[in-house]
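Going down the list, the sequences are from chains A and B. Mapping the first sequence onto this note's numbering, position 120 (from 1) lands on 120, and the numbers just tick up by one. Mapping the second sequence onto this note's numbering, position 130 (from 1) lands on 303, and the numbers just tick up by one.
Treat the hints with care, since some could be wrong.
In silico contact screen, one side only, chain B against chain A (beta carbon under 8 Å); selected entries [claimed, not checked]:
{"id": "1", "residue": "Gly208"}
{"id": "2", "residue": "Glu209"}
{"id": "3", "residue": "Ser212"}
{"id": "4", "residue": "Gly231"}
{"id": "5", "residue": "Ser232"}
{"id": "6", "residue": "Arg428"}
{"id": "7", "residue": "Leu429"}
{"id": "8", "residue": "Leu432"}
{"id": "9", "residue": "Asp433"}
{"id": "10", "residue": "Gln460"}
{"id": "11", "residue": "Pro461"}
{"id": "12", "residue": "Thr463"}
{"id": "13", "residue": "Ile472"}
{"id": "14", "residue": "Ser475"}
Beta-carbon label-pair distances, calculated as ranges [stated by the list, open to error]:
{"id": "15", "chain 1": "B", "residue 1": "Pro285", "chain 2": "A", "residue 2": "Gln94", "range": "31 to 37 Å"}
{"id": "16", "chain 1": "A", "residue 1": "Gln94", "chain 2": "B", "residue 2": "Ala571", "range": "42 to 48 Å"}
{"id": "17", "chain 1": "B", "residue 1": "Glu667", "chain 2": "A", "residue 2": "Gln94", "range": "54 to 60 Å"}
{"id": "18", "chain 1": "A", "residue 1": "Leu127", "chain 2": "B", "residue 2": "Ala446", "range": "39 to 45 Å"}
{"id": "19", "chain 1": "B", "residue 1": "Glu560", "chain 2": "A", "residue 2": "Lys119", "range": "57 to 63 Å"}
It should be emphasised that the hints constitute simulated quantities derived from the structure, not laboratory data. Every residue gets a Cβ at the ideal spot worked out from N, C-alpha and C, and that includes glycine.
Each chain, written out:
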Amino acid sequence: MSIGHAFSAFFGILFKNQIPDDVAAALGWVRRDAKPKVAEKPKETIGPGDGALQILGILQRDARLVDFLMENIAPYTDEQIGAAVRGVHEQSRQALERYLQFTPVIDGVEGTYAKITIKDPAAIKLLGNVPADGKAAGGTLRHKGWRVAKTDLPPIFAHQKTDILAPAEIEIA
Amino acid sequence: MKPVLGIDLGTTNCAMARGDESITLLPIPQLVNPGEMQSPDLLPSFAFLPGPADFPAGSTALPWEDNPPYVVGTLARKRGAENAGRLVSSAKSWLSHAGVDRNSALLPSAAPEGVPRISPVEASRAYLAHLKDASELDFAAHQVLVTVPASFDAVARDLTLKAATQAGYQDVILLEEPQAAFYAWLERHADWRERIGPKDRVLVIDVGGGTTDFTLIAVHDQQGALTLERLAVGEHILLGGDNMDLALARFLEQRLPKLDPVQFQSLWQQCRAAKEALLSNEGPNEQPVTLLGRGSSLIGGSIKGQLTRAEVRELLLNGFFPQVASTELPERAKRSGLQAMGLPYTADAAITRHLAQFLRSVKPNQLTAPTHVLFNGGVFRAPALRERVLAVLNQWLAAEGAPAARPLEGEDLMHAVARGAAYYGVMRQTPGGIRIRGGVPRTYYIGIEESLPAVPFMKPPLKALTVVPFGMEEGTTHRFADREFGLVVGEPAEFRFFVSSSRRGDSAGELLERVSEELAELPAMEVTLPANAGDAGIIAATLESTVTETGLLQLWIVAKDGRRWKLEFNVRERS
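Could you put together the complete structure from these sequences and hints?
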């Protein structure tokens, strides 16, 4: 990289938070918009259920979770269920981890003392002898909680029928 | 220095690495589901030719193309499992298949009537074009290296280059995969000069998804500096890890109720995982394989089977890596169960027998003993397979009184080829950078008919002129001034072309009195001189052979006045 490019890159990053095009070109990079351009527009109004149905659809597609939950498992032995669940469990977890990033709400060891840092009943639920004013410095951590730190779900397209969790399959002989 | 891109154009997966000050593996954006892009570090080498019933409209759009004619990568592989008639796979194996016209639309080989087909060259172009378009890099600003099996002959290399050119690549250099794997090992071990030394010989065993490739590299001491020389490469063996997983799946399938294609795909995948688990040292003794019910009743319709360690060892170790003597040669005539769908799979699945043949072919009538072994390819993630190959090899060496060979540790089985290609590209531009010398790993001949008085029912005997001797180095040229041809202008002149990987002593210009069994015929090479090239209608010319700086083999017709025309392979004709 030449000195000129180096200066240009420095100020570009400093003031515009991006590498100038000529510098990028000199480094052999070409710029492309971060979001993939797609022929069809993403859905303009996402319905209240679309997101939930999308995740269910993914779990069915990749792990057949809906098939499993909707099946009457009463007639089967634990061994039969166990054999099937291993696969469903593994693939469900992989699917979830692919699209969602999970972190605990409190990153502590369950069963030990934890300080209360967030005053939000939705994030931290107090159990047992909860003081009348609802204020406590800490207590025994019973459950770490789950928080989704990041979602990376594919866009929902206008053509997409989120109510179809799994298409019917017909094999042509 | 020009930054470098190393591209591993594999039979089942492609990978790409960039090299400048360091080597980085690049993610490859691709469709993984309809309408969903992800960027894993491998691009499955599959192309799907979508029909109207395959994907919702618009859901195969790519950031760089709204309506691509093929779907390439993960989504192609997924949908292809459900609709195999539109899936192109193993294009690379077809690219090296001399028995077919590789420019003609052959694939998918199982396509039903009405489904379009594409050529093996076009499929390779599609993968290379995807890598180029998916990357945010300006390829023209990079030195691009594409790897090929060492066992690829001049025609397959030429076609790979053609595919790259059609994909819009400029100035591509080809590099042999086992060499690339070795470069990757050098890159990972700055102290390699302490690990190998003068007179060592490194055997690279590269078992990819669809091909098995051997290369022997010698270490020399040249005035105190270590140099590397590629001594020999093996013959083309169409056999790889996919065949092993398939063998396991076929074996287990016999014990199960009838499976549909989607269930068989799942079985194949699970057998791959079971193979790795059962062949690792601390692995279980048995691995369950569960195929979920195909209908909406998942548990009710599920099929359960299991593979044991003993079965996998028997099938893979004894089937593909049997303990044989180093004098046992691969069986040629017998066709095994691997034969399917047109590809010339090797008749003998025993990789150890092919290895024995290779080590006995380097020098006549003796076993060339390697001192080190470098493994490459995902197959060798199973430690038991590495151990078996070493055990068999060391048995041979002990029988010859040679010291045991040791494995080179710290290899990167899955990405070494792409990384190594990028590293080689950097070394080429680095003054004093380490290079493996080697030249052309085969001997090439032109067939010459002796002009004799015509005898009824007798074809004139064919002799073979050595035009490219074994080991001919990059950037060199041979001219055959004493062999003059009269070429008719405006008409194609054809030259029969032969190759040998076992004859290593023929020097340039040497004439073999007859075409022996050691020579295999390649597609003819032809040239058509322009109609206005000579007034008399015939031009007297000589032949010239060149190996370019980038390792490409070329034959030229040189007229007396210095004009030159390049000979091209005629792959359109069945050989």
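Evaluation of the provided hints:
Annotation: B/Gly208 was flagged as interfacial toward chain A, and the flag holds, the nearest CB pair being 6 Å apart, inside 8 Å. Against a cut-off of 8 Å between C-beta atoms, the interface hint on B/Glu209 holds, since the closest Cβ of chain A lies about 4 Å away. Interface hint status for B/Ser212: violated, as the beta-carbon distance to the closest one in chain A is roughly 11 Å, over 8 Å. Proximity of B/Gly231 to chain A holds as hinted, the smallest CB-CB distance being about 4 Å (cut-off 8 Å).
At its closest, the beta carbon of B/Ser232 sits 7 Å from a beta carbon of chain A; the interface hint therefore holds under the 8 Å criterion. Because the smallest distance between the Cβ of B/Arg428 and any Cβ of chain A comes to about 16 Å, over 8 Å, the interface hint for this residue is violated. For B/Leu429, the shortest C-beta to C-beta distance to chain A is roughly 14 Å, which exceeds 8 Å, and the interface hint is violated. Interface hint at B/Leu432: violated, since its Cβ lies 13 Å from the closest Cβ of chain A, which is beyond the 8 Å cut-off.
For B/Asp433, the shortest C-beta to C-beta distance to chain A is roughly 7 Å, which falls under 8 Å, so the interface hint holds. Below 8 Å, beta-carbon pairs count as interface contacts, and B/Gln460 has none with chain A, the closest being about 11 Å; its hint is therefore violated. This hint holds: B/Pro461 has a C-beta 6 Å from the nearest C-beta of chain A, less than the 8 Å allowed. Against a cut-off of 8 Å between C-beta atoms, the interface hint on B/Thr463 holds, since the closest Cβ of chain A lies about 5 Å away.
Checking B/Ile472 against chain A by beta carbon gives a least distance of about 5 Å; that is within 8 Å, so the hint holds. For the restraint placing B/Ser475 at the interface with chain A, the shortest Cβ-Cβ distance is roughly 5 Å, inside the 8 Å limit, so the hint holds. B/Pro285 and A/Gln94 have their C-beta atoms about 34 Å apart, which keeps the hinted 31 to 37 Å range intact. Here the CB-CB span from A/Gln94 to B/Ala571 is close to 46 Å, well matched to the stated 42 to 48 Å.
Here the CB-CB span from B/Glu667 to A/Gln94 is close to 56 Å, well matched to the stated 54 to 60 Å. Separation of A/Leu127 from B/Ala446 is about 42 Å and conforms to the stated range, judged on CB atoms against 39 to 45 Å. Checking the proposed 57 to 63 Å range against B/Glu560 and A/Lys119 shows it holds: the Cβ atoms sit about 60 Å from each other.
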